[in-house]
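Taken in sequence, the protein lines are chains U and D. Each number in the numbering used here corresponds to the 1-based position in the first sequence with 2 added. Each number in the numbering used here corresponds to the 1-based position in the second sequence with 2 added.
These are calculated hints, taken from the structure and not from any lab test. There are no misleading hints in this set.
Taking CB as the label site, the calculated pair distances span:
#1 D170/U - Y70/D: 49 to 55 Å
#2 D88/U - K151/D: 30 to 36 Å
#3 E169/U - M3/D: 50 to 56 Å
Heads up, the beta-carbon is just placed ideally off N, CA and C, and yes, glycines get one too.
2 protein chains.
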Amino acid sequence: MKDAFNFLRKIKSVAFATVENGKPCVRIADVMLVEDDKLYFLTARGKPYYKQLKENPHLAIVGMDENYVTVRVTGDIEFVDRSYVDKIFEANPMMNDLYPGEKREILDAFCMIRGVGEIFDLSVVPIERQRFDFGGSVVNPSGYSINEKCVACGICKSACPMNAISEDSIYKIDSTKCLECGRCFEACPNNAIIPPLGL
Amino acid sequence: MKDAFNFLRKIKSVAFATVENGKPCVRIADVMLVEDDKLYFLTARGKPYYKQLKENPHLAIVGMDENYVTVRVTGDIEFVDRSYVDKIFEANPMMNDLYPGEKREILDAFCMIRGVGEIFDLSVVPIERQRFDFGGSVVNPSGYSINEKCVACGICKSACPMNAISEDSIYKIDSTKCLECGRCFEACPNNAIIPPLGL
Chain U
3 MKDAFNFLRK IKSVAFATVE NGKPCVRIAD VMLVEDDKLY FLTARGKPYY KQLKENPHLA
63 IVGMDENYVT VRVTGDIEFV DRSYVDKIFE ANPMMNDLYP GEKREILDAF CMIRGVGEIF
123 DLSVVPIERQ RFDFGGSVVN PSGYSINEKC VACGICKSAC PMNAISEDSI YKIDSTKCLE
183 CGRCFEACPN NAIIPPLGL
Chain D
3 MKDAFNFLRK IKSVAFATVE NGKPCVRIAD VMLVEDDKLY FLTARGKPYY KQLKENPHLA
63 IVGMDENYVT VRVTGDIEFV DRSYVDKIFE ANPMMNDLYP GEKREILDAF CMIRGVGEIF
123 DLSVVPIERQ RFDFGGSVVN PSGYSINEKC VACGICKSAC PMNAISEDSI YKIDSTKCLE
183 CGRCFEACPN NAIIPPLGL
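With the rest of the complex left out, here is chain U:
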């Protein structure tokens, strides 16, 4: 989890998604600080983004580095006291170009206090993915899975584009390699395949 947060801090400019009137909104912003295994951000009180977070304090963020490794985190946010604005300016001196001197007063800092996430490596075939949670949230396992209705016919294995399915008394899906495309689910003649929940 800490690695995932530092990854986001390193690539820094990532996408931040919120909800307004039931519709998605997204913009590029920076992960400003990682401290005590928490992610800190800034926004200005006049922005639609700020109002969205006040009304619906849930945030999803994603970033990809130059090696096609993706980190996604989604969780609950809380606004934090103003000392974090100063801390963030110390850690991100270029903020002074946008908000010189006292102009930083219009900014508020907030923090993702709990949530779930995933590291996803698209540079390899099969892909690799790993989920994590923090702050008391519990993450859903990734990937499709196979239940006891399986008759080991092998149809799912040949349907999988990732070779993520292996033979056994009943077949098994390697959740770290599953793209969640659902081709095994559509192919299985025995309803033995269970879809994953979202992140």
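Following the hints, position chain D against chain U.
Showing chain D alone in chain U's frame:
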């Protein structure tokens, strides 16, 4: 608008935000095709992302290039016929690595049919932004504005971190330079400043 779409196609891997149970979800994916001023994408029927789009066919996307130019687009999507899956594979041959041969059958293509967007250049101070709409949507103007209650006291001008406010009989805000931080709004003693609507 066409420039904005081609920008997204060129940087290709951008963030796609959806809504599930009122909460934001976001992932990195590719803009697969720009044709007739429409944006085309793919997803697999088994993914949570697909279910989110079926239940709530609104999508927000954002990408930033190496020069810190950002394009955001948000709008309504529709699933399109399967010929687009083949068209997309022709335009994006690396898709064959993930979904070789007939395995592409699990994919469905969709299109953003109408929406609004913004080009945002963060590499310059003051920033520059420009909005657009397509397919019949009407975009809200960006930026704060000043109404006739203005007494030309100049407080807003000195509050603005972007020097986006100029003097006249009543003061004016250059909406292409406005960060929407709201500092002028908080500073104005006459309630003469009007907040923008979201994108």
